[in-house]
Amino acid sequence: MAARKTDQAQPGSTSACRPPTTLDTLVDRTFRGLTLCFAWLTLLLIIYIFWRIGGTAIPAMHKFGISFLTSTDWDPGQGRFGILPEIWGTLYSSLLALFGGGIFGVAIAVFLTQDFLPHNVTVVLKSIIELLAAIPSVVYGLWGIFVLIPLIRPLADWLHLHLGWLPFFSTSLSGPGLFPAALVLSIMILPTVAAISQDALAAIPAKIREAAFGMGATRWESILRVFLPTASGGIFGALVLGFGRALGETMALAMLVGNSNQLTLSLFSPANTLAALLALNFPEASDYEVRVLMYAAVVLLVITFLVNVAGQLIITATLRTGGSK
Amino acid sequence: MSASPDFSRNFTDPRALKSFILSTITVGCAILACIPLFSVLAMLILRGGRRFSLELFTSLPPTAFDSGGGFGNAIVGTVVMVGIASLIAVPFGIIGAIYLAEFGPHTRIATVARFCAKTMTGIPSILAGVFAYSVVVMVTGTYSAVAGGIALSLLMLPTVMLTAEEAIQMVPAIMREAAVGMGCTPTQAMWKVVLPKAMPGIITGVMLAIARAAGETAPLLFTALFSDYWMFQGGAGDLMEPTASLAVLIYNFSGMPFENQIQLAWAASLVLVLMVFTLNILSRLIGQRKK
Amino acid sequence: MSTPQSAATTDEVVIDCRVNKIFYGNFLAVRDSHVPILKNKITGFIGPSGCGKSTVLKSINRMNDLVRSFRFEGEIRFEGQDLYAKNVDPVTVRRYIGMVFQQPNPFSMSIYENVAFGLRLARYKGDYDARVEEALKGAALWDEVKDKLKNNGMSLSGGQQQRLCIARAIATRPPVILMDEPASALDPIATRQIEELMVELKKDYTVAIVTHNMQQALRVADKTAFFAVDISRGGRTGYLVEMGDTRELFENPREALTREYLSGEFS
Numbered sequence: 001m002a003a004r005k006t007d008q009a010q011p012g013s014t015s016a017c018r019p020p021t022t023l024d025t026l027v028d029r030t031f032r033g034l035t036l037c038f039a040w041l042t043l044l045l046i047i048y049i050f051w052r053i054g055g056t057a058i059p060a061m062h063k064f065g066i067s068f069l070t071s072t073d074w075d076p077g078q079g080r081f082g083i084l085p086e087i088w089g090t091l092y093s094s095l096l097a098l099f100g101g102g103i104f105g106v107a108i109a110v111f112l113t114q115d116f117l118p119h120n121v122t123v124v125l126k127s128i129i130e131l132l133a134a135i136p137s138v139v140y141g142l143w144g145i146f147v148l149i150p151l152i153r154p155l156a157d158w159l160h161l162h163l164g165w166l167p168f169f170s171t172s173l174s175g176p177g178l179f180p181a182a183l184v185l186s187i188m189i190l191p192t193v194a195a196i197s198q199d200a201l202a203a204i205p206a207k208i209r210e211a212a213f214g215m216g217a218t219r220w221e222s223i224l225r226v227f228l229p230t231a232s233g234g235i236f237g238a239l240v241l242g243f244g245r246a247l248g249e250t251m252a253l254a255m256l257v258g259n260s261n262q263l264t265l266s267l268f269s270p271a272n273t274l275a276a277l278l279a280l281n282f283p284e285a286s287d288y289e290v291r292v293l294m295y296a297a298v299v300l301l302v303i304t305f306l307v308n309v310a311g312q313l314i315i316t317a318t319l320r321t322g323g324s325k
Numbered sequence: 326m327s328a329s330p331d332f333s334r335n336f337t338d339p340r341a342l343k344s345f346i347l348s349t350i351t352v353g354c355a356i357l358a359c360i361p362l363f364s365v366l367a368m369l370i371l372r373g374g375r376r377f378s379l380e381l382f383t384s385l386p387p388t389a390f391d392s393g394g395g396f397g398n399a400i401v402g403t404v405v406m407v408g409i410a411s412l413i414a415v416p417f418g419i420i421g422a423i424y425l426a427e428f429g430p431h432t433r434i435a436t437v438a439r440f441c442a443k444t445m446t447g448i449p450s451i452l453a454g455v456f457a458y459s460v461v462v463m464v465t466g467t468y469s470a471v472a473g474g475i476a477l478s479l480l481m482l483p484t485v486m487l488t489a490e491e492a493i494q495m496v497p498a499i500m501r502e503a504a505v506g507m508g509c510t511p512t513q514a515m516w517k518v519v520l521p522k523a524m525p526g527i528i529t530g531v532m533l534a535i536a537r538a539a540g541e542t543a544p545l546l547f548t549a550l551f552s553d554y555w556m557f558q559g560g561a562g563d564l565m566e567p568t569a570s571l572a573v574l575i576y577n578f579s580g581m582p583f584e585n586q587i588q589l590a591w592a593a594s595l596v597l598v599l600m601v602f603t604l605n606i607l608s609r610l611i612g613q614r615k616k
Numbered sequence: 617m618s619t620p621q622s623a624a625t626t627d628e629v630v631i632d633c634r635v636n637k638i639f640y641g642n643f644l645a646v647r648d649s650h651v652p653i654l655k656n657k658i659t660g661f662i663g664p665s666g667c668g669k670s671t672v673l674k675s676i677n678r679m680n681d682l683v684r685s686f687r688f689e690g691e692i693r694f695e696g697q698d699l700y701a702k703n704v705d706p707v708t709v710r711r712y713i714g715m716v717f718q719q720p721n722p723f724s725m726s727i728y729e730n731v732a733f734g735l736r737l738a739r740y741k742g743d744y745d746a747r748v749e750e751a752l753k754g755a756a757l758w759d760e761v762k763d764k765l766k767n768n769g770m771s772l773s774g775g776q777q778q779r780l781c782i783a784r785a786i787a788t789r790p791p792v793i794l795m796d797e798p799a800s801a802l803d804p805i806a807t808r809q810i811e812e813l814m815v816e817l818k819k820d821y822t823v824a825i826v827t828h829n830m831q832q833a834l835r836v837a838d839k840t841a842f843f844a845v846d847i848s849r850g851g852r853t854g855y856l857v858e859m860g861d862t863r864e865l866f867e868n869p870r871e872a873l874t875r876e877y878l879s880g881e882f883s
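Residue numbers (the working numbering), protein chains in the order written: chain P, 1 to 325; chain A, 326 to 616; chain W, 617 to 883.
Keep in mind that the hints were calculated from the coordinates and are not lab data.
Given the structure is predicted, the values throughout are model-derived calculations rather than measurements.
Only some residues are given here: those of chain W computed to face chain P with a beta carbon under 10 Å:
1) 705
2) 708
3) 711
4) 712
5) 714
6) 734
7) 735
8) 737
9) 738
10) 739
11) 740
12) 742
13) 747
14) 787
15) 788
Built from N, CA and C at the ideal position, the CB exists for glycine as well.
Bound-form chain P, shown alone:
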């Protein structure tokens, strides 16, 4: 469209309407294309990560095959590698952490969303929980070594002495071990579980709350019979994502778990996890060992990826059905 003159062609009052310049249009096209490229890049990046880590691990996969996952030896000198203890340690420590962090996380979510406290106190408590998540894991590791382990040793000794016949307490705590590692791990996943559970509880429509209280239910009857079941999908997703975080957490475990290749139920014996194995062996690994470690990395990647996708899907699905109610 050409610039047109209005009837009143006085100085300063002619139309200043102009179509966008060629440059403007060009910039617009280019920029929009660029943003599209970056959206694609996100997908390609994920694929590249998988391809790269998987690709480096392929020689080791061919060599060791499935026995890598079921063997318990780790002896670079003799070229024997197996990560069954690490897989077990990863799952065991994460489950323990999920137990602790899950109960506390959900309890705190209930505490913060169900008007137990004046608003200001709730805000402060929320900030404290969020700061808990902000502390670097290596600092938790340090704290675990010098504060937590000495602190729980008397308790562990007592449990071993009196309940030693239970497989969980069959060894004494000599320093690093599963129990302190799992304890720190539960502190670390607590904020994740608490935050997502809070979202799920806060998303309960007001009319459901009114209905529950209107029926004459006490606060806890409403929470246990109505609110928690209503938010159960989101809380379950929170637990799955917390579990995923625990599976991949590295430093606290590398510093606290004891790095011992054994299959054990005992909470007080040292153990190992996949992430800690990578952290401890990678820096000094030979070329050959690196490829073996890449295989272990693939196993960790697959496990955490599946758990995370599951958690993400659960949360998305429950939010969708929650929204349509």
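Given the coordinates of chain P, work out where chains A and W should sit on it, guided by the hints.
Coordinates of chains A and W only, in the frame set by chain P:
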């Protein structure tokens, strides 16, 4: 004729008792959960604060039986590597977020990319290190600040992208309409109106991502490794040399049998936590100002 | 400002808006409406809510392109060119057909920059100060803000914000200005000011305004288009019932439906 119901509170009623017990347990859980935070902070102040002096920032890490020393090079290394990571992750994340939030929010690729970003938030940080190791260290043949920065950028990217997307979506539709109604191209509307309005939210996300990256250890262990020397003694080429970081220093020193090193580990933790908390609190203030 | 003789007497059609069908997804929102918009006149769009009057107005400067599922069948001719032809850039259309929205939506920048926004977009090479002053005077806002042009546009009151939006729209002197219920979010005094302003504006501009307030249409519009909702086929499809000189339409409507609406039998 029935008696009128008794409305007064009765604490011996089993229902009230059950409520009371459950409430007590919940309060207990909340208090217990706060203890680690206060314990960590107390230890940092007590043990780290004792060593706090200017020397920490100006000296190099001590060797085994030395006394004194500091971790100035580790602070520089952390800042440099987080800087490299931000240079990669911030533009990538924001430009990607613009597509997800504005130019193609309902396209299939946007759905997929969003899902990828959410999944990436859950990828263990050590695997970011493994990836950077195979892409950079194995190719260049050396541990380096660049490798460490790339590993950290993978951890920052999803946070930046997802918070930026949310911030852009929060810009009221009437702002967007006003810009488009004036005859802005979509790009002009984005740069002149939407992005300025979304900026506090975007900065909040970036700062949270930086805070997280600064504290990460696992991805640096075998990408940047560690160094006992100052960076940039040999010019910018030092970016391709092994590089110290606060987090790795804490990890290394925590396992040493020397009191001096352990004290330094606590002091380094204090510095690191101060950095991380400052970023967190700043981002929170910026986030609040936008409301 | 001059009042040109010719504009007051001729009935030159600036925008010839012929809607056959407007869809949102599978939902037929508007059908069969022909609304010619005359030069230097105010054309009012009235009708019950959901009758598609805003949809038609927003189709004129292609604002509806923002709605993902929007589909337009028909043609809107601006000085002969079809705005929905394939080679038309909607961005260009919006630069020639300005718009004022229901909610005042000034940008979060200074009053001056708000008004200069369109000029900068058009890479105007003249005297910005003069243009900004002229636009603010045109929007009857100059006296209130001339000493605080640096203040943020959001700091003004609702009525002032809406006049700022009008100033922003007229700064480039677009031939046509569309207004979508511009006074609905304002108090009666601010509404009065906006209405007086519209009558002032038509000396220089062609204005089309959507309003749900019949009295407002009667006060300001030269021509009025009455839309209604057709629920006969199961949907809620808006359509043009009749259009004519405002006074004529209000005093002597051709259609029974119009008479019922004007007498308040439904809304």
